[in-house]
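Q: Listed here are the chains, written in short residue letters.
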Amino acid sequence: MKLLDMTRKYGNATYNYPFEPYKVPEGFRGKPAYDYEKCIGCTACAVACPSNAINVKLNEDKSKLVWEFNCARCIFCGRCDEVCPTNAVLLSDEFEMAVRFDKDNLKERGELDVECCQKCKNPFTTSKLISYDIERLKKAGWDEATLAEKTKYIRTCPECKKNIAVENSTQYFVRKRK
Amino acid sequence: MSKTYVVPEEIASANSLEAKLEHLKNIKGSFNVYRVDCGSCNGCEIEIFAAITPMWDPERFGFKLVASPRHADILLCSGPVTRQMYYPLLRAYEATPDPKVVVAIGACGSSGGIFHDAYSVWGGIDKIIPVDVYIPGCPPHPATIIHGLATALGILDQKLELKEHKNGSNESPEIKTSVFNNILFERDVLAEAKQLMGYLYGRKLFDKYIKAVKESPNIKDTVQTKITMERLSREEEDPRYRECMKVIHNNVYLNHIKQFKEIDIADRIDLSD
Ligand code: SF4
Ligand code: SF4
Ligand code: SF4
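Keeping their order, the protein sequence lines are chains A and B.
When we follow our numbering, the leftmost residue of the first sequence carries the number 1, and every step to the right adds one.
When we follow our numbering, the leftmost residue of the second sequence carries the number 179, and every step to the right adds one.
Please keep in mind that the hints were generated in silico from the structure rather than gathered at the bench.
Nothing here was measured: the structure is a model prediction, and the numbers come from that model.
Treat each hint with caution, since some may be false.
As the list claims (entries may be wrong) - To give a feel for the contact side, a few chain A residues facing chain B, derived at Cβ under 7 Å:
1. C71
2. F95
3. E96
4. M97
5. R109
Unchecked claim - In silico SDA-like links for lysine to any residue, alpha-carbon gap of 20 Å or less:
6. A:K57 <-> B:N345
7. A:K107 <-> B:Q402
8. B:K341 <-> A:D93
9. B:K337 <-> A:S92
10. B:K382 <-> A:G78
11. A:K138 <-> B:T355
12. B:K439 <-> B:Q402
13. B:K439 <-> A:G141
14. B:K337 <-> A:Y22
15. A:K57 <-> A:G27
16. B:K386 <-> B:E408
17. B:K354 <-> A:N87
18. A:K139 <-> B:K354
19. B:K382 <-> A:E82
20. B:K198 <-> B:N210
What the hints assert, rightly or not - Quick list of simulated restraints, FRET-style, between CB atoms:
21. B:E415 <-> A:L90: 24 to 32 Å
22. B:A228 <-> A:N52: 24 to 32 Å
23. A:L90 <-> B:N204: 41 to 49 Å
24. A:E159 <-> B:E408: 45 to 53 Å
25. A:C120 <-> B:E414: 50 to 58 Å
26. A:L90 <-> B:K389: 46 to 54 Å
27. B:P232 <-> A:K23: 52 to 60 Å
28. B:I333 <-> A:A48: 30 to 38 Å
Ideal Cβ positions, reconstructed from N, Cα and C, are used throughout, including at glycine.
Please model the complete structure; the sequences and the hints are all you need to start from.
A: Right, dumping it as structure tokens:
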């Protein structure tokens with residue numbers, strides 16, 4: 001009886017959760033929510049993810065870059081959230097994550113178009129990343145002329161860029177020796 | 179590692195989907211759970227025990243932890259299955275009366291989680307025995323555990339589904355215009371804010387700071403900006419933001435102003451008041 005009195009005084013502490021919604025506290029780290037429209041495929045999140053829950057890879061025929069998130073492996077550390085330059089992945093409030101029978105339901109995929117190198121025609125980044133770069137350079141105060149001049153190589157892959165640089169410099173050496 | 183355990187014929191036939199669903203229907207009001215710790219870091223165990231405190235009180239729908247797998251209807255397995263726990267897990271699995279429901283809890287239980295590629299683990303309960311319900315989380319919140327058990331019992335529906343996104347546009351996402359007409363300023367402010375307060379509060383600090391800087395009558399005038407910044411940081415209630423806004427002013431803003439004109443020591447905000 002005494003206990004009952006006490007409960008009456010302090011009220012009921014039990015959350016009525018499965019029967020009514022539960023509100024998570026502020027700053028709760030729930031399932032990372034992916035915004036496909038914003039993702040530019042920069043792979044920063046895949047590099048940062050400590051448990052490889054996010055993988056960004058070319059698909060088999062190398063025609064698309066596939067961003068894949070596997071919630072079963074995620075440890076909710078928030079590093080993807082921290083590094084994403086466009087806030088395309090943000091930890092959400094979602095905590096109801098259990099799935100029955102099929103683990104594939106925990107996955108999320110996004111396909112992005114790849115950009116092929118002007119020179120060697122191999123895919124090296126996404127088209128969206130390049131338009132994002134150019135957009136940012138514009139916002140950084142570059143005018144059209146500088147932009148055209150400086151972004152000449154932006155559609156060339158790092159490997160070809162290296163080769164071009166080496167070719168140019170050796171040319172210079174050869175000429176000098178003559 | 180290859181799979182070595184093959185579920186014996188009699189267990190497999192007694193555990194068909196129909197039998198399980200029938201069994202779940204029968205035990206809806208009262209079910210016994212046996213917890214198998216397969217080398218977890220104990221984070222998941224703590225959350226399971228948090229989930230059975232009066233705060234969450236799962237006995238409302240009949241959840242009960244039992245001490246022996248022979249009394250159990252549901253096996254709640256946590257951890258990435260270390261080599262040492264391989265046989266104990268099998269013993270618990272075989273000792274549980276049929277039909278049994280296996281729930282893998284935590285990132286480790288579902289797929290190996292952070293330990294998925296370690297040399298001494300199998301990487302998930304489902305590498306060894308068939309799993310029915312997966313509860314991701316590291317560790318899962320008590321509400322997630324209760325949702326998982328309620329999903330197992332069919333009280334609640336699962337919320338997640340395989341999501342595929344395709345054929346998006348190649349347009350760049352929107353980029354906000356800069357207060358200085360140079361986004362490098364915003365980039366540096368954000369980097370400094372994250373360094374000062376972490377990614378979550380850093381973002382809030384960034385918003386507060388940019389809002390404050392926009393209120394300055396002339397952004398390139400250091401004296402006016404300093405006065406505005408001092409006024410606004412005084413109005414800020416949280417002392418962390420108050421101090422960090424001043425630090426950003428001193429470290430980032432003044433650094434940026436340097437490219438337009440000379441700055442002197444009087445432009446810095448004194449952090450001590
Ligand atoms: S929260 Fe952590 S573990 Fe989960 S996807 Fe992001 S970086 Fe990976
Ligand atoms: S960091 Fe962000 S933009 Fe880059 S691939 Fe990941 S989600 Fe996409
Ligand atoms: S999922 Fe996380 S909390 Fe649970 S056992 Fe694994 S590492 Fe520990």
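Q: Now tell me if each hint is right for this structure.
A: Evaluation of the provided hints:
no.: 1; hint: C71; in the structure: holds, 5 Å
no.: 2; hint: F95; in the structure: holds, 5 Å
no.: 3; hint: E96; in the structure: holds, 5 Å
no.: 4; hint: M97; in the structure: holds, 5 Å
no.: 5; hint: R109; in the structure: holds, 5 Å
no.: 6; hint: A:K57 <-> B:N345; in the structure: holds, 17 Å
no.: 7; hint: A:K107 <-> B:Q402; in the structure: violated, 52 Å
no.: 8; hint: B:K341 <-> A:D93; in the structure: holds, 18 Å
no.: 9; hint: B:K337 <-> A:S92; in the structure: holds, 14 Å
no.: 10; hint: B:K382 <-> A:G78; in the structure: holds, 16 Å
no.: 11; hint: A:K138 <-> B:T355; in the structure: holds, 10 Å
no.: 12; hint: B:K439 <-> B:Q402; in the structure: holds, 15 Å
no.: 13; hint: B:K439 <-> A:G141; in the structure: holds, 18 Å
no.: 14; hint: B:K337 <-> A:Y22; in the structure: holds, 15 Å
no.: 15; hint: A:K57 <-> A:G27; in the structure: violated, 31 Å
no.: 16; hint: B:K386 <-> B:E408; in the structure: holds, 13 Å
no.: 17; hint: B:K354 <-> A:N87; in the structure: holds, 13 Å
no.: 18; hint: A:K139 <-> B:K354; in the structure: holds, 8 Å
no.: 19; hint: B:K382 <-> A:E82; in the structure: holds, 13 Å
no.: 20; hint: B:K198 <-> B:N210; in the structure: holds, 15 Å
no.: 21; hint: B:E415 <-> A:L90: 24 to 32 Å; in the structure: holds, 25 Å
no.: 22; hint: B:A228 <-> A:N52: 24 to 32 Å; in the structure: holds, 28 Å
no.: 23; hint: A:L90 <-> B:N204: 41 to 49 Å; in the structure: holds, 42 Å
no.: 24; hint: A:E159 <-> B:E408: 45 to 53 Å; in the structure: holds, 52 Å
no.: 25; hint: A:C120 <-> B:E414: 50 to 58 Å; in the structure: holds, 54 Å
no.: 26; hint: A:L90 <-> B:K389: 46 to 54 Å; in the structure: violated, 20 Å
no.: 27; hint: B:P232 <-> A:K23: 52 to 60 Å; in the structure: violated, 19 Å
no.: 28; hint: B:I333 <-> A:A48: 30 to 38 Å; in the structure: holds, 37 Å
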